[in-house]
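**Student:** Chain by chain, the residues:
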Amino acid sequence: MSETPKDPWARFRTATRARIALGRSGDALPTKALLEFQLAHARARDAVHSAVDFDRLAAELSPLETIRVHSAAPDRPTYLRRPDLGRRLDPASAAALPAGEWDVLFVIADGLSAAAVQVNAAPLVRACTARLGHLRIGPVVLAEQARVALGDEVASAMGARLVALLVGERPGLSAAESLGVYLTWDPKPGRADSERNCISNIHSDGLSIQTAADKLCWLATEAARLKLTGVALKEDAPSLAGPDNEKNQLTDRS
Amino acid sequence: MAGYQCDLGRQRHRFDDLKAVMACASPRRSGDELAGIAADTDERRVAARMVLADLPLKIFLNEVLVPYETDEVTRLIIDRHDADAFRPVAHMTVGQFRDWLLSYQADSAALAALAPGLTPEMVAAVSKLMRNHDLVCVAAKCSVVTRFRTTVGLPGRLSSRLQPNHPTDDPTGIAASTLDGLLYGIGDAVIGINPATDNVPACIALLEMLDAVRTRFDIPVQSCVLAHVTTTMQAMERGAPVDLVFQSIAGTEKANRGFGVTLSLLAEAQEAAKSLKRGTIGDNVMYFETGQGSALSADAHFGVDQQTVETRAYAVARAFDPLLVNTVVGFIGPEYLYDAKQITRAGLEDHFCAKLLGVPMGCDVCYTNHAEADQDDMDVLMTMLATAGVNFVIAVPGADDIMLNYQSLSYHDVLGLRHLLKRPPAPEFEAWLDKAGWLDEQRRLPPWPDQSLVVAALLGSAA
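Chains as they are written, first to last, in the numbering used here: chain A, 1 to 254; chain B, 255 to 717.
It should be emphasised that the hints constitute simulated quantities derived from the structure, not laboratory data. Careful: at least some of the hints might be erroneous.
For lysine-lysine, the following DSBU-like pairs were computed, each having C-alpha atoms within a straight-line distance of at most 30 Å [stated by the list, open to error]:
| hint | chain 1 | residue 1 | chain 2 | residue 2 |
| --- | --- | --- | --- | --- |
| 1 | B | LYS595 | A | LYS32 |
| 2 | A | LYS32 | A | LYS6 |
| 3 | B | LYS689 | A | LYS6 |
| 4 | B | LYS508 | B | LYS273 |
| 5 | B | LYS595 | B | LYS531 |
| 6 | B | LYS676 | B | LYS595 |
| 7 | A | LYS188 | B | LYS689 |
| 8 | B | LYS312 | B | LYS508 |
| 9 | B | LYS676 | A | LYS32 |
| 10 | A | LYS227 | A | LYS188 |
| 11 | B | LYS528 | B | LYS508 |
| 12 | B | LYS689 | B | LYS273 |
Treat the numbers as computed from the prediction; the structure is a model and nothing was measured.
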């Protein structure tokens with residue numbers, strides 16, 4: 001019994017990022033654990049409430065052409081209360097969109113995490129365009145105060161057969177910089193979530209940029225072959241599927 | 255119907271129908287504003303409450319808010335209404351009903367006898383005339399007791415769900431969170447996992463793992479994998495150790511269809527689970543979750559305010575004698591409940607309404623990172639709910655759910671509430687803690703050092 005006691009939790013800590021074995025001060029959290037929690041929550045809130053630096057993003061995407069649009073939600077408080085406005089373009093943005101003919105259009109939406117978009121969006125678009133050189137790829141649309149369905153209106157106005165909408169996911173305490181991608185074939189307003197394919201959890205401790213780009217490009221190619229996205233495409237590729245459509249949760253993340 | 259009106263000085267407030275009165279009488283919340291049915295001024299909100307206070311309770315039996323012909327939840331509510339049980343309050347207005355509920359005559363026995371005579375719309379209406387403290391005081395008089403391997407909901411006790419979620423359903427990761435929770439005496443309501451992947455083999459693997467932990471340590475608890483009801487039914491067909499059948503439910507037929515369920519499917523699942531006879535002291539085999547905003551997000555609210563349509567989900571729940579029901583209040587998002595004030599109010603309403611209807615209500619005291627709320631706000635709600643006699647609360651390691659990306663209560667929080675308010679867990683579970691030698695002389699569960707025999711026994715055997 002003279003040896004240094006072993007941490008009985010050691011093998012469990014490697015299996016989960018859950019806040020296990022925090023210790024106790026009476027019944028409460030010890031100070032260190034309390035402050036670590038507050039830091040994680042502060043970062044998550046900052047990710048929700050800070051703005052994406054779209055100028056910097058455009059510069060990082062250069063020489064790809066970019067177009068800036070804004071949703072019908074004028075500011076963040078409105079965006080959070082009115083999901084319907086975040087799914088529509090403001091009239092000025094809608095009027096300014098150039099019509100064209102594209103195989104794929106990338107739309108980058110700030111969503112619920114500015115940090116996720118700032119860190120991950122440009123590298124992911126670059127990784128995808130490198131893989132999709134044979135396709136006609138439209139200008140990258142940068143969308144402010146935007147939700148997933150905004151991509152449908154943008155892409156249908158610009159004449160794209162497929163839209164890949166990149167969006168900052170709702171931050172958790174352990175992942176405040178998580179990006180999601182929603183792929184929609186024949187995008188037009190009114191598309192249901194079941195008609196999309198999702199790749200989620202793209203961040204430094206989750207799905208890597210390269211793996212995400214591989215999945216996205218595989219799905220884009222299959223979508224063009226089958227002329228659809230959504231549940232039917234997912235069934236053929238279970239290993240590449242995003243979150244389940246049938247998840248039994250009382251939530252609405254789009 | 256000519257509608258309703260209320261004259262307040264120079265202003266006459268008109269309301270087209272009963273639905274409008276109910277919606278305008280609700281405390282302000284983002285979901286009703288999103289639906290375009292909320293009162294647009296504070297005065298109009300009070301005017302609606304004044305109209306509501308003078309309406310007879312009986313009106314809700316004659317004037318349904320969602321059509322009887324096209325909604326099986328409305329049919330369930332009306333067809334199962336117990337007129338005899340309703341008789342003691344049948345002559346009252348909604349305002350008189352509030353006064354009676356708060357009176358000494360309305361004791362536990364009277365409220366239990368009344369429950370089958372009440373409809374969701376009646377309890378929703380009276381809740382709109384109550385302050386938060388009223389909601390606590392009346393709910394505290396209600397007791398709804400259910401049993402499987404533990405007895406949940408006894409007066410003076412507080413149970414908890416241990417929620418060991420993991421983003422990839424990793425068995426060791428889930429075991430880690432489970433064992434950590436057991437060391438805090440958490441889990442007497444249920445050990446319940448939200449699976450990351452909803453398919454039958456994954457569900458069975460998790461069920462078998464939880465059952466192995468339970469039997470290895472001989473813990474009087476029930477387990478649950480919160481997969482879709484159809485997944486759990488298939489797991490039962492394949493012989494999986496299913497204790498409880500879980501399902502998310504809502505207050506209209508259309509919203510339930512959005513969840514992929516009907517009343518007959520739920521009945522089928524309940525029968526299948528009961529036939530396994532796995533409960534040792536009771537056969538309450540269902541577990542439901544509900545939450546304000548779910549009907550609106552499914553575009554299935556029919557112009558009914560979100561609090562009223564939420565209470566209709568409790569009529570669905572009580573038809574299946576559940577062991578556990580909980581509202582997920584702050585989980586659904588700020589477009590339905592914007593901030594801590596709205597979340598707190600909704601949590602207390604949901605608990606009050608469910609208990610009056612005879613539903614064994616618990617609560618996931620929680621919020622997401624895009625809502626204006628934090629752990630300080632959860633402290634308030636959890637303390638009020640525990641005082642109100644909530645059947646159980648949900649707890650995750652360090653309050654951080656790493657799979658669903660939101661914050662609930664921590665194991666610490668539950669232990670603190672129990673010790674502060676002197677509310678021990680379910681008696682069978684408390685006896686297990688006692689037998690294991692985990693309780694101190696004041697019957698508290700003290701912190702055990704990592705090198706203690708208690709920790710070694712739990713973690714060592716799990717190797």
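**Student:** Run every hint past the structure and note whether it holds.
**Tutor:** How the hints compare with the structure:
Annotation: proposed proximity of LYS595 (chain B) to LYS32 (chain A) holds, straight-line Cα distance about 29 Å (limit 30 Å). Between LYS32 (chain A) and LYS6 (chain A) the alpha-carbon distance is near 21 Å, which keeps this suggested pair within the 30 Å criterion. Between LYS689 (chain B) and LYS6 (chain A), the direct Cα distance comes to roughly 27 Å. Compliance with the 30 Å bound is thereby established for this hinted pair. Between the alpha carbons of LYS508 (chain B) and LYS273 (chain B) the distance comes to roughly 18 Å, so the proposed pair stays at or under 30 Å and holds.
In summary, the hint linking LYS595 (chain B) to LYS531 (chain B) is not supported, as the alpha carbons are separated by about 43 Å, beyond the 30 Å threshold. Our distance criterion of 30 Å between C-alpha atoms is met by LYS676 (chain B) and LYS595 (chain B), whose separation comes to about 27 Å. Taking the CA atoms of LYS188 (chain A) and LYS689 (chain B), the gap is about 63 Å. The hint is violated against a cut of 30 Å. Of the supplied pair hints, the one linking LYS312 (chain B) and LYS508 (chain B) holds, its CA atoms being roughly 26 Å apart against a limit of 30 Å.
Taking the CA atoms of LYS676 (chain B) and LYS32 (chain A), the gap is near 28 Å; set against the 30 Å cutoff, the hint holds. Of the pairs offered as hints, the one joining LYS227 (chain A) and LYS188 (chain A) holds, with about 14 Å between alpha carbons and a cut-off of 30 Å not exceeded. With a C-alpha separation of about 27 Å, the suggested pair LYS528 (chain B) and LYS508 (chain B) falls inside the 30 Å cut-off, and the hint holds. Among the hinted pairs, LYS689 (chain B) with LYS273 (chain B) is inconsistent with the structure: their alpha-carbon atoms are about 54 Å apart, more than 30 Å.
Violated hints, in rising order: 5, 7, 12; the structure is consistent with all others.
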